[in-house]
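Take a look at the letters that make up each chain.
There are 2 protein chains.
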Amino acid sequence: MKRRFYGLFLRVVLFFSTILVGGLMAQPDVITRDLMPVPAKAEYPGGEYRLTTDFLFKVEGTTTERLNAYATRVLRRLSGRTGLFILQDDVSNSDTLQNAQFTIKFQREGSLKVGEDESYNLTVSEQGVRLEAVTDFGAMRGLETLLQLIDKDEEGYFLPFAKIEDKPFYKWRGLMIDPCRHWMPMEMILRNLDGMAMMKMNVMHFHLSEDQGFRIESKVFPKLTEFGSDGNYFTQDQIKQIIKYAADRGIRVYPEFDVPGHTTAWFAGHPELASQPGPYKIERRWGVFGPVMDPTKESTYEFLDKLFTEMAGLFPDEYFHIGGDEVKPDHWKANQDIQKFMKDNNIADEHALQAYFNKRILKILQKNNKKMVGWDEILQPDMPNEIVIQSWRGKKALLQASKEGYKVILSNGYYIDLSQPTWFHYTNHPISPDTTLPAEQMENILGGEATMWAEMVSNETVDSKIWPRTAAIAERFWSSNQVNDVEDMYRRLDIISVQLEEVGLFHEKNYPMMLRRLTGGEDIAPLKMLVDILEPVKLYERHRLGVKYTQLSPLTRVVDASRPDSKVAREFNALVERYIEHKEGWVEEKLIEQIVGWSTNMTALKVIISRNPILEEIQPHAQTLEVICEMMPELIDMVGDGRKLSPDKLKLLDDFRSKLKPFGQTELMILKGFNALVTACTP
Amino acid sequence: MKRRFYGLFLRVVLFFSTILVGGLMAQPDVITRDLMPVPAKAEYPGGEYRLTTDFLFKVEGTTTERLNAYATRVLRRLSGRTGLFILQDDVSNSDTLQNAQFTIKFQREGSLKVGEDESYNLTVSEQGVRLEAVTDFGAMRGLETLLQLIDKDEEGYFLPFAKIEDKPFYKWRGLMIDPCRHWMPMEMILRNLDGMAMMKMNVMHFHLSEDQGFRIESKVFPKLTEFGSDGNYFTQDQIKQIIKYAADRGIRVYPEFDVPGHTTAWFAGHPELASQPGPYKIERRWGVFGPVMDPTKESTYEFLDKLFTEMAGLFPDEYFHIGGDEVKPDHWKANQDIQKFMKDNNIADEHALQAYFNKRILKILQKNNKKMVGWDEILQPDMPNEIVIQSWRGKKALLQASKEGYKVILSNGYYIDLSQPTWFHYTNHPISPDTTLPAEQMENILGGEATMWAEMVSNETVDSKIWPRTAAIAERFWSSNQVNDVEDMYRRLDIISVQLEEVGLFHEKNYPMMLRRLTGGEDIAPLKMLVDILEPVKLYERHRLGVKYTQLSPLTRVVDASRPDSKVAREFNALVERYIEHKEGWVEEKLIEQIVGWSTNMTALKVIISRNPILEEIQPHAQTLEVICEMMPELIDMVGDGRKLSPDKLKLLDDFRSKLKPFGQTELMILKGFNALVTACTP
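Read top to bottom, the protein sequences are chains Y and D.
Residue numbering for the first sequence follows my numbering, starting at 1 and increasing by one per position.
Residue numbering for the second sequence follows my numbering, starting at 1 and increasing by one per position.
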């Protein structure tokens, strides 16, 4: 019955695809060019420096092995992107290289400390290219800018004449990786370090223990991984390799051992640490659980002293994260000994007990010359100012802590596991552009970290949750907080996303791969057309839609293939908004073209869904798409003519819309545009 | 002028793309189903076993950790492919698992020896699934067959009732990986070991030294990698990890240290080993070079004794490859001391000198309980029968050696770096199906190895040269030599190729990624349509077309993105052949549809090429395609009507065809179909 009614909306459109020869390429003349992050200062006096096979690299004066290697990789990437057979061997400061056209000069080896100088000046002129920096890390940042400057015309590849003076806005520009909830192998870490370096990020926060897994070898306590890792953990050799790989890219690596909660996997091998007798096994579910360390036993501190001393020796960074979040008091309350200890020691409540625990841990870290980092919860009255608070709770907590003299980093608003759109993260500032804070407080706001929690991702899908959105977050951390043009950010992001694939990232290429598995090898084009406009449900909705996820659940369904911030939907919805406002003919044509594309695809899409049981769950989205594609041309007509919907039709429409909801934990993202059309036609 | 003439051929075809709903999926009823390799014996009595979330795995009786882990991975892949939330933790032989519907039983732990039992029986019936094997390796082979048996219909996923008895035809089913000429990182090795296991391959030949790189850490001689590897080599820890990873999949790993030639990279750190004083540095060019070890100095053998003893301890396999190929005598001839040594020791010529060298090496290996493997060249009269000859020269050498009592493996015809089509490798047999050899000689022919030489591949492109073609080679090694249906092989290969992506292989997904880099992020569809019908030139032609390749050349051009054995071209050419023979109307329609597709794409293709200088080199292919797309409809018409070309037109056509050649080291593969049409229309 519904179908018969909406048949009235149907409009047959003959459609010939035309190639839009103009407008395919972004105009490079805008001031930000294709650079991401946007530099502090850039001038383009006009003119081009042509790239040829003679474009040789040389370091002037002293150099470092890591800078030579970095520059060599940049040379190869430049050669790869342009196809130029540049025959230079390794880049170095060799005196024999007289004719180098690209010279790099820096004053000293950078040190992996917070606030190290990462500034650089890059000049392109008729004479060649010159990169100057204080440290080799600064030179690395400039090398990435150089690659982003490459442009092309019919004559070949070139660099525009340029004068760039650049330095970071924040000192701490991080990505947190969680290989605990789902295991992330070595190569995932390495390729993402490469991606981070491309985006001038400088710190990897390595979340190494969780209820669901303890992921680093301890030689002192081998049972931690023997019983707590399913065999999936980093050996100490691998950790050293990761730290070196990161250091060679100017990236600090610091570990997080989340205590006293989030520790079930520890207890699988060491139940004696827990507040309840156990036995314990690796937690497979998601959530906040009861198991928690016993903070009243000296043996707990002896254990942590040995472990953290071992780990402090492994990680040269001056920071050490102890987690401290989401501690449930239940097991403490149920333990008589713990209750007695609290009474005997005048510890008022479980909050105070955690504070006591933290202070004991602080001593262990101080003994090892480490500064403590923790989530909001570790902030308590008598903690020293040297600790760093990582704020997951929000800006209010961040501002309060920085005001009280604590160093802070912002993660609230950068939870990239929650499938929010890029603009949301991009417009989230550690220091808002419209606030003025006392200089001292400003100084305390070190920067931020994107956090890639791994409940719902595997090695196959994780990159698509990190990239390209984290490139925009990296710009937020590097560029001035006055850089806020969302549309221009999206323009550049498309280009940068392709460049990020150069270092092997999966964010783009695993999407069709996953669709191929879903169809067992059939042509994926019809399915792709639908999944292109689906997104995973946002925030924590995936846990709340009738599917019980665990660590063992497959992450290969449509919801896993679908990616945050659908470009097709975003652009369609924007066109709808534009049409409602300006009613331009070319916008109408583009909208109709897109709608006809979806309609024409419907038969093939239905066949694919019917043949692949794993796709059944998104069948309702296909139906919805079919119905709204029948309706939208009529609605667009009505908007164009200024007509309004009759009360009858409106009622039927509202009835239809009230039934729309997520299916297969995905959302149909063009409903926004559809709803806008309905609103525009509502009297 | 040419264009004006060929305009006569132009036929305007209005083209509406229609969705071919039927025929999209392969019929699963053929006897080989979707299995690759084809099992020795398979029956399908009819009926289905439905897969549900209760499909639990259990090992009966004793088990091994590696089999448990393998079965757990298979369980996850099954869950991933079907979307079933199977909540089973790790697979094991736990007694508590009463309701397992898939039971695995094997008699003993397999041993990584040539000829180890890899047979298995797999039964699917109403009662569930049963896998039986002699060794855990046999069970692993059966687990892969299980995954390939998964089928689907509108009700869901199922396994067909089946009774499979399977075992390999050859004992030695290998892939040689060369991380020397271009560096291949850890993850390349691991993901390809996974691919090998899927295809029931059982040996990885690890080519670890070359003129262009020495790729394994020696603790005894650290200068080998310090000066000979550009920092790219496997640590001994990594080698152990690789060997374990392979063993866990029933794959032997044995090393090759190519001596006395192909050793320039050794000499960079150890010039004292060479026959000329040096100094030496890593060779960047490709070819066969002069540097060669000095076989007359005792110090050479002392060095090799220490090194090979160290390496023999690292690799538990009983085989050890010493290369021995392509030794140039020039440096020996030019060295007076060597000439004197030959005279003093009655060594007739440089051939005999290498024989002397090999015998000295043989002793070192024997002392370490290793059996020698070498290329054809090591075969000389008084070598013991236990050595294995790897034949790169051809079947004749292979048959001769096996007749003389030597063990042999075939690599000639399996050089997958040479971009030959799958059918070529597939129809190449170690033991031809039409020969009968004495049983003893048959026994000597152990099997074969696909060899992935790395002059022209990087980590980015290497998988596309290995897969999917090596899956067909793996079938050649596992299945009976009576399995020879090329068409059916291609049908199954398409399905298997998608499954191979499950373990992270790049062969399919890096293709569009590389096209994105070539276009700098523009829509790749127009370019893809052309590159889909291009292939790299075959054999060693890439070295001979005016471009001087070295180790430093970019491997990111169209020729690198293009892949061997173009499916689109193969199918188009086959349709042309079919049309010429049968003149069916539907074939004509399909041909015209394809031709119109190419024609319609031409404008967009030209724009993309003109905007991206790196694409300029394939511009002639676009022009050729445009011209032949104008001509082919008319030629097809002529074939249909039985008309022939006039002498004038024929002359012009021959003139045109005489100018066609490779561009950018790629070939336009549909020229075969075009030429067939011309031939059919030639009086």
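Do not rely on the hints blindly, as some may be mistaken.
[Unchecked claim] Simulated restraints, written as ranges between beta carbons of each label pair:
#: 1; chain 1: D; residue 1: Glu616; chain 2: Y; residue 2: Leu437; range: 50 to 60 Å
#: 2; chain 1: Y; residue 1: Thr62; chain 2: D; residue 2: Gly290; range: 46 to 56 Å
#: 3; chain 1: Y; residue 1: Lys363; chain 2: D; residue 2: Asp89; range: 33 to 43 Å
#: 4; chain 1: Y; residue 1: Asp485; chain 2: D; residue 2: Lys606; range: 29 to 39 Å
[Said to hold, decoys possible] Which chain D residues face chain Y? A few, computed with CB under 8 Å, are given here:
#: 5; residue: Ser79
#: 6; residue: Tyr157
#: 7; residue: Asp237
#: 8; residue: Pro512
#: 9; residue: Leu515
#: 10; residue: Arg517
#: 11; residue: His543
#: 12; residue: Gly546
#: 13; residue: Leu552
#: 14; residue: Thr556
#: 15; residue: Arg557
Treat the hints as calculated values from the structure; they're not laboratory data.
All C-beta atoms, glycine included, are put in the ideal place defined by N, C-alpha and C.
Now the hints, each set against the structure:
1. In this structure the hint that glutamate 616 of chain D and leucine 437 of chain Y lie 50 to 60 Å apart at CB holds, the actual value being about 54 Å.
2. Between threonine 62 of chain Y and glycine 290 of chain D the CB atoms are about 37 Å apart, so this pair departs from the stated range of 46 to 56 Å.
3. Against the hinted window of 33 to 43 Å, the Cβ-Cβ separation of lysine 363 of chain Y and aspartate 89 of chain D comes to about 39 Å, which satisfies the hint.
4. The beta-carbon spacing between aspartate 485 of chain Y and lysine 606 of chain D, approximately 34 Å, falls within the hinted interval of 29 to 39 Å.
5. Taking 8 Å as the C-beta contact cut-off toward chain Y, the hint placing serine 79 of chain D at the interface holds, the least distance being around 4 Å.
6. Interface hint at tyrosine 157 of chain D: satisfied, since its Cβ lies 6 Å from the closest Cβ of chain Y, which is below the 8 Å cut-off.
7. The beta carbon of aspartate 237 of chain D comes within 5 Å of a beta carbon in chain Y, closer than 8 Å, and the hint placing it at the interface holds.
8. At about 7 Å, the closest approach between the beta carbon of proline 512 of chain D and any beta carbon in chain Y falls short of 8 Å, and the interface hint on this residue holds.
9. A cut of 8 Å between beta carbons decides the hint on leucine 515 of chain D: the least distance to chain Y is about 10 Å, and the hint is violated.
10. About 6 Å separates the beta-carbon of arginine 517 of chain D from the nearest beta-carbon of chain Y, less than 8 Å, and the hint is met.
11. Interface restraint check: histidine 543 of chain D against chain Y, minimum CB-CB distance 14 Å, threshold 8 Å, status violated.
12. For the restraint placing glycine 546 of chain D at the interface with chain Y, the shortest Cβ-Cβ distance is roughly 12 Å, beyond the 8 Å limit, so the hint is violated.
13. Given hint, leucine 552 of chain D at the interface with chain Y, holds; its Cβ is 6 Å from that chain's nearest Cβ, closer than 8 Å.
14. Checking threonine 556 of chain D against chain Y: minimum C-beta separation of about 4 Å stays under 8 Å; hint holds.
15. Interface restraint check: arginine 557 of chain D against chain Y, minimum CB-CB distance 5 Å, threshold 8 Å, status holds.
Hint compliance for this structure: hints 2, 9, 11 and 12 are not met, and every other hint is.
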